[in-house]
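Start from the sequences and build out the full structure, keeping to the hints where you can.
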Amino acid sequence: MSKRKTWGELRQRRLEKPAARAGYQHAQLAYELGRQVRELREARGISQRELAERMHTTQSVIARIEGGGSKPSISTLERVAKALGTSVDIRFGSPVAAGY
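Position 38 of the sequence shown, counting from 1, maps to 1144 under our numbering, and the rest follow consecutively.
Derived by calculation from the structure, the hints in this document are not laboratory data.
There could be a bad hint or two in this list.
Quick list of in silico lysine-lysine cross-link-like pairs, DSS-like style, CA-CA up to 30 Å [to be verified]: (1) K1123 - K1111; (2) K1123 - K1177; (3) K1188 - K1177; (4) K1109 - K1123.
Derived DEER-like restraints, expressed as beta-carbon distance ranges [what the hints assert, rightly or not]: (5) E1156 - V1194: 16 to 24 Å; (6) S1166 - E1122: 35 to 43 Å; (7) R1150 - S1176: 33 to 41 Å; (8) P1124 - T1163: 33 to 41 Å; (9) R1150 - A1125: 32 to 40 Å; (10) K1109 - G1151: 20 to 28 Å; (11) T1182 - K1111: 33 to 41 Å; (12) L1121 - G1175: 20 to 28 Å; (13) Q1165 - E1115: 34 to 42 Å.
We put the beta carbon where it would ideally sit given N, CA and C, even for glycine.
Shown next, in the form of structure tokens:
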């Protein structure tokens, strides 16, 4: 009888591979960007549709950004920031903080 591995064990084993780790970090970044956009939008009391109108795009684009399902360009992030009345601040962290 073999012992089944837990999700955490499987995840850890996969993340030992550089390509998998890079993909995971990319997904984490997309999720975090989306979370921040959603929180800013909700704090201002506007809908996805209203944000989309301010950006001259569609509601589905906003939903993809907020859901972490897209990799928005810097120019798109600047348009989001302008529509939300804020700025884009890009910074690099230390290799340890980034998980390398």
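Please work out if K1123 and K1111 have their alpha carbons no farther apart than 30 Å.
18 Å, holds
Please test the hint of 33 to 41 Å on the beta carbon pair from T1182 and K1111.
Holds - the Cβ-Cβ distance for T1182 and K1111, about 39 Å, lies within 33 to 41 Å.
P1124 versus T1163 beta-carbon gap, inside 33 to 41 Å or not:
Check passed, 35 Å falls within 33 to 41 Å.
Against the range 34 to 42 Å, how does the distance between the Cβ atoms of Q1165 and E1115 compare: consistent or not?
Since the Cβ atoms of Q1165 and E1115 sit about 40 Å apart, the hinted range of 34 to 42 Å holds.
Is it true that the CA of K1188 sits at most 30 Å from the CA of K1177?
18 Å, holds
Mind checking the alpha carbons of K1123 and K1177 for me, to see if they're no more than 30 Å apart?
At roughly 22 Å apart (the allowed maximum being 30 Å), K1177 and K1123 satisfy the hint.
Does the Cβ distance between K1109 and G1151 fall inside 20 to 28 Å?
Hint violated: Cβ distance 51 Å, outside 20 to 28 Å.
Is 32 to 40 Å respected by the C-beta to C-beta distance linking R1150 and A1125?
Distance hint for R1150, A1125 holds at roughly 38 Å.
E1122 and S1166 - C-beta distance against the hinted 35 to 43 Å
The hint (35 to 43 Å, Cβ to Cβ) holds, given that S1166 and E1122 are roughly 36 Å apart.
Lying within 16 to 24 Å: is that true of the beta-carbon distance E1156 to V1194?
This hint holds: roughly 20 Å between Cβ atoms.
At the C-beta level, are L1121 and G1175 separated by a distance inside 20 to 28 Å?
About 21 Å separates the Cβ atoms of L1121 and G1175, which means 20 to 28 Å holds.
Within 33 to 41 Å or not, the Cβ separation of R1150 and S1176?
Violated, since R1150 and S1176 (Cβ atoms, about 21 Å apart) do not stay within the stated range.
Checked against the numbered hints given earlier, the structure breaks hints 7 and 10 and satisfies all the rest.
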